[in-house]
Amino acid sequence: MQVEEKILFCLIVFLGIASLASMTMGQTNVASGPINASISQPISITASGNLTTGIFFTNGSTIGVQYPITDVTIKNNATANYWGSGYGTEYWVQSGSSNKINITIYFTACDDLKNSTLNAYINLTWNAGEGAFFGNGTTATTPSLNVTQDYAFKKVPNWALVGSKVDAGNYIYLRFWLDPWPNNAPSAIYNTTYKILAVEYGTYPGSASC
Amino acid sequence: MKKLAIFVVFSLFLFFLPFPSFAQVGVGITSYSIPLRGNVGDVYNVNFGVMNPSIYTIKVKVYPQCDNCINEVKLFGFKLFDDEEVLDEYFKLDKEIVDVPPGTTQQNAVPITIKFAPKLVIKKNLVFYTPEWLNFFIRYANKGYAGSFKIPYFTLLIGTRDFKGRIVAEILSYDGMKPGVIPSVASTLEVHVRGMPFESFVFLVLMIILIIVVILRRIGFHRVSSSISKLVKRKKS
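These protein sequences, in sequence, are chains A and B.
Just so we're on the same page, our numbering is the position in the first sequence counted from 1, plus 100.
Just so we're on the same page, our numbering is the position in the second sequence counted from 1, plus 19.
Rather than coming from a laboratory, the hints here were simulated on the basis of the structure.
Hints should not be assumed to be uniformly reliable.
Said to hold, decoys possible - Straight-line distance between alpha carbons at most 25 Å, and here's what the computed SDA-like set of lysine to any residue pairs gives: (1) B/93 <-> A/306; (2) B/197 <-> A/106; (3) A/106 <-> B/93; (4) A/200 <-> B/231; (5) A/106 <-> B/129; (6) A/200 <-> B/66.
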């Protein structure tokens, strides 16, 4: 028998003993009974009907009806910004009443507003005070226009933070405005898809994708 | 009088019609955190449910997202390619798209099963990014080219893997209609997998080398080399 064969033989014997020991050791006859618990810690949200339908930007401050935007140098309202009772907003997101955790709510746009036929865009993101903006608040009348980058729309892969540490059953009310850029965009209908994401408060939302 | 009654009944009928444009739509997951921990060879299932607090049937897409599954491979500071983990090699969801009836709560949530079964031999992808000057020519032939391509390869799962991400439940439609704004919720996902220890890998390699040496000793190095040279000669002729 060569030296290598001897080493191999020893290793095989060692492995055999080790596997036998692992199979037999620790096997004792003990009566066992089940112990069981079911835990449910849900996370859920509900979006208002008007938000689910979509964000329709209208001309100036028209309420409830969408008209083509004629003034591209002002902040044009979304149709349901002041459509609720007492001129409150009809856009809201509610944290599920059965949630046992606080949630954080993020928004993102899949793209800029686009007309596929013309291959033309209206940009949503921030450009020196232009773009689309959101306002948020805990009552229907509080969301107000803030022309800052924090309140400008974001698109994938970035998320815009619209509601932090929202408790179970609580609402985040929203309003939206659009100051289109570039100002020489051709007359047409432009659209995109918008997403809402709710995650546990304090956790990372990841990169947005569509 | 009859006409007025018909008008009133018709008005009431219209009033009570469920206008989908004003439907509140929501979605939920029965667990806000899903940890998956285990070793190579372990097989177990984890269940969670998809909830629907709205009054319409919703179609929901459920998918995992990973934050740290792509690692950059660099040489002298220059990025060569990305090394991408494939989550399917560790766990799989039994359904991707589910229909959730209205008013589904935690108690009657539509179940989704995660089958956690990490393998010893796993598939990974090398993601190469082509430069823009080359993309021009590729897009001439393939308009949809995204500027990168993947080469799959297999490797042993050595050491431990920790993935952080989330399981996302995203509404595709409610009562067959696509929502204008898409609501989604995410449950935090943490995956910890223990593969083959590095020492075991070294041991395995040594064993293989030892077995090869023993076989070569038994047969004889000269016979192996002569059979190889014969093979080469045959191919040449």
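Here is what the structure says about each hint:
Between the alpha carbons of residue 93 of chain B and residue 306 of chain A the distance comes to roughly 24 Å, so the proposed pair stays at or under 25 Å and holds. As the CA atoms of residue 197 of chain B and residue 106 of chain A are separated by approximately 71 Å, the hinted pair breaks the 25 Å bound. This hinted pair does not check out: residue 106 of chain A and residue 93 of chain B have alpha carbons roughly 44 Å apart, beyond 25 Å. For the given pair, residue 200 of chain A sits about 60 Å from residue 231 of chain B by alpha-carbon distance, which is inconsistent with the 25 Å threshold.
Under the criterion of a C-alpha separation no larger than 25 Å, the hint pairing residue 106 of chain A with residue 129 of chain B is inconsistent with the structure, at around 60 Å. With a C-alpha separation of about 19 Å, the suggested pairing of residue 200 of chain A with residue 66 of chain B holds against the 25 Å cut-off.
The earlier numbered hints that this structure contradicts are 2, 3, 4, 5.
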